[in-house]
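Single-letter residue listing:
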Amino acid sequence: MIRFKNVTKRYPGMVRSAVDGLSLEVNQGETCVFVGPSGCGKTTTLKMVNRIFEPTSGEILVNGENILSQDQDTLRQGIGYVIQKTGLFPHYTVFENVATVPRLLGWDHQRINSRVHELLRLVGLDPDENAHKYPRELSGGQSQRVGVARALAADPPVMLMDEPFGAVDPITRTQLQNEFLTLQQKVRKTICFVTHDIDEAIKMGNRIAIMNNGRLVQYDTPEKLLLAPADDFVAEFIGSDRSLKVLSLLPVPKVLKRQFRVVKETAELETVRASFDATERNRLVIEDENSNVVGYVTRGDAGKASSARGWNRFIKPFPTTLPPEATLRDALAVMLQHDVGAIPVMEHTRKFLGMVYLDDIRSYVGEAYQESEPEPAGEGAPS
Amino acid sequence: MRSLRYFVNNTDRILGYAGEHAVLILMAVVMAVLVWVSVGILIRNNRRMARGVLGIASLIMSVPSVALYGILVTIPGLGLSRQSAVLALVLYAMLPIIRNVYVALNGVDAAIMENARGMGMSARRILFRVQLPLATPVILAGVRVSVVMMVGIATLAVFIGERNLGVLIQQGLVRTRSDMIIVGAVLVSAFAIGIDYLFSKLEHLLVSPGIRGEAA
Ligand SMILES: Nc1ncnc2c1ncn2[C@@H]1O[C@H](COP(=O)(O)OP(=O)(O)O)[C@@H](O)[C@H]1O
Ligand SMILES: [Mg+2]
Chain D
1 MIRFKNVTKR
11 YPGMVRSAVD
21 GLSLEVNQGE
31 TCVFVGPSGC
41 GKTTTLKMVN
51 RIFEPTSGEI
61 LVNGENILSQ
71 DQDTLRQGIG
81 YVIQKTGLFP
91 HYTVFENVAT
101 VPRLLGWDHQ
111 RINSRVHELL
121 RLVGLDPDEN
131 AHKYPRELSG
141 GQSQRVGVAR
151 ALAADPPVML
161 MDEPFGAVDP
171 ITRTQLQNEF
181 LTLQQKVRKT
191 ICFVTHDIDE
201 AIKMGNRIAI
211 MNNGRLVQYD
221 TPEKLLLAPA
231 DDFVAEFIGS
241 DRSLKVLSLL
251 PVPKVLKRQF
261 RVVKETAELE
271 TVRASFDATE
281 RNRLVIEDEN
291 SNVVGYVTRG
301 DAGKASSARG
311 WNRFIKPFPT
321 TLPPEATLRD
331 ALAVMLQHDV
341 GAIPVMEHTR
351 KFLGMVYLDD
361 IRSYVGEAYQ
371 ESEPEPAGEG
381 APS
Chain C
1001 MRSLRYFVNN
1011 TDRILGYAGE
1021 HAVLILMAVV
1031 MAVLVWVSVG
1041 ILIRNNRRMA
1051 RGVLGIASLI
1061 MSVPSVALYG
1071 ILVTIPGLGL
1081 SRQSAVLALV
1091 LYAMLPIIRN
1101 VYVALNGVDA
1111 AIMENARGMG
1121 MSARRILFRV
1131 QLPLATPVIL
1141 AGVRVSVVMM
1151 VGIATLAVFI
1161 GERNLGVLIQ
1171 QGLVRTRSDM
1181 IIVGAVLVSA
1191 FAIGIDYLFS
1201 KLEHLLVSPG
1211 IRGEAA
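Line order of the protein sequences matches chains D and C. All residue numbers for the first sequence refer to the numbering used here, where the first residue is 1 and numbers rise by one. All residue numbers for the second sequence refer to the numbering used here, where the first residue is 1001 and numbers rise by one.
Since the hints were derived computationally from the structure, they do not count as laboratory data. Do not rely on the hints blindly, as some may be mistaken.
Computed Cβ-Cβ distance ranges for the label pairs, DEER-style [unchecked claim]:
| no. | chain 1 | residue 1 | chain 2 | residue 2 | range |
| --- | --- | --- | --- | --- | --- |
| 1 | D | E65 | C | Q1083 | 56 to 62 Å |
| 2 | D | Q110 | C | L1015 | 52 to 58 Å |
| 3 | D | D126 | C | A1192 | 28 to 34 Å |
| 4 | C | I1056 | D | S69 | 41 to 47 Å |
Far from chain D by the CB rule (all over 12 Å, computed), these chain C residues [said to hold, decoys possible]:
| no. | residue |
| --- | --- |
| 5 | R1002 |
| 6 | T1011 |
| 7 | L1026 |
| 8 | A1111 |
| 9 | M1113 |
| 10 | M1119 |
| 11 | V1130 |
| 12 | V1148 |
| 13 | V1188 |
| 14 | A1190 |
| 15 | G1210 |
| 16 | I1211 |
Just so you know, even glycine gets a beta-carbon here, dropped at the ideal spot from N, CA and C.
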């Protein structure tokens, strides 16, 4: 969708190239995050896509077409642009700001009106309350939302975002990031996103392009990047807590133990004993008539029970559970908090899916690192 | 008291002077705004040219007004005419208007300009929809300064044949009639105050509520 072919940019009078031989491809509907230390050429890269700057050499293709062969203004009208200082027009109302590109495209009044209202709702702003405000009446977070709405106005297939959430407080930033991820699920734009914050990159990107001194150092999925940094620079940039960060990318189903004996709470003691005989594990998961999890019974407790139905009183509820979309990081955090080594994962309907074990998390991450690192660096979990 | 009596006894004549004063300034303002705002727009992207034009404007500003009137009347085709008087006022307005237009157009926030470009607005559209609207308060301030200046300088145009409020001051000086001088001075000040009021109304009319009350 967006393709950089050996793109170099050298500003007049500069010895070093700001961007040096960059080649990469951003797939349709994906977010590519450019990340790296200040001055590494991220912004320059971005601004060459909408021709704020032109490459010194190399070419950039959008949708297979060289951007230099298109009319500059037409190209730009098809590319949403969001920057850190929102650059909202202070003399325009929120409505007029969002309507900027549709007006350039000559849409009729009715269409612009309904589109602006739709967009404001999409970014979480009540149109009736905000459409007639001026930018100076908005909070930082609201301004960014309007900036995003404005960039999306004419439904451009491509979006360029340069540290779009860099100027707001951390809480608002997290909120904007989450909202944007949800939004992107709906709109599926092809996005180039610039940040200097590796955590934001990991969170927002389908792929991450790490840059240093104008050069592309590594271009990979967040997971690959964390598990197999290309060199010391990348490893250092990601930070020593990369093994923790990778946990937040892995969903619990990756390590889920599913072969679990589940017994109905109405069962006879015989059934319970038989189930324990058939498994190595020391716990049974107990569910009610409607297949909702009610708790567990330990092997020892089952041994103490005597009457056919009396075992019921040994059922203990799980202190905590996880939804299937939780990450290993969530699982670990909950384990530490509740001081347990295993947590059941269940649907929101309380249907049992399996158990996550601390040991499984350790060995999964350990193996992942061993696979991606030629010589083990002593980080893998001992087994 | 004597001044008031003088005013009451000569109302018609004095109002005539005031009218002449207003007409002269109005002509000069309209011309000055048309010409100097255009020049300011033309030089906005050319720093070398801007420096040259603003240099000339400063030079003109530094010529004493009586001398400027004197120079203009020697130019064939102008002479002791209204054209000379108008031209002098227009020339004095050159610096405040061009300078403010130039500074304000170039002072638009870089992020705003970049976004305007990034969204695919043409240079012309950016000028008329973004830069000029955002520059309006500063441009108006420049025009206001030049008009207030004109009110005073116009009084000296009586030396080249204008019959405006300056007559009262000039005659008052020649005949040591303080009542005439006071009436002239008070009316000239009233003029300036009226113009200030007019401009605040104008600002309300021309400047978007989104940026009103921000610029000088
Ligand atoms: N307009 C410009 N003119 C000259 N040099 C520039 C310009 N913009 C950026 N640079 C230089 O190019 C390099 C890369 O800058 P930039 O792309 O802004 O980096 P980043 O966005 O990663 O911080 C830096 O050394 C910067 O000083
Ligand atoms: Mg940058």
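Tested hints:
1. E65/D x Q1083/C: 56 to 62 Å: holds (59 Å)
2. Q110/D x L1015/C: 52 to 58 Å: The hint (52 to 58 Å, Cβ to Cβ) holds, given that Q110/D and L1015/C are roughly 55 Å apart.
3. D126/D x A1192/C: 28 to 34 Å: violated (48 Å)
4. I1056/C x S69/D: 41 to 47 Å: Holds, since I1056/C and S69/D (Cβ atoms, about 44 Å apart) stay within the stated range.
5. R1002: holds (52 Å)
6. T1011: holds (45 Å)
7. L1026: Check passes; 28 Å lies beyond 12 Å.
8. A1111: violated (4 Å)
9. M1113: Answer for M1113/C: violated, closest chain D Cβ roughly 8 Å.
10. M1119: M1119/C not clear of chain D: closest Cβ-Cβ about 5 Å, inside 12 Å.
11. V1130: Contrary to the label, V1130/C does not stay out of reach of chain D, its closest Cβ about 6 Å off (not over 12 Å).
12. V1148: About 26 Å separates V1148/C from the closest Cβ of chain D, which puts it past 12 Å; holds.
13. V1188: holds (35 Å)
14. A1190: holds (34 Å)
15. G1210: Per Cβ check, G1210/C is inside 12 Å of chain D; nearest 3 Å; violated.
16. I1211: violated (5 Å)
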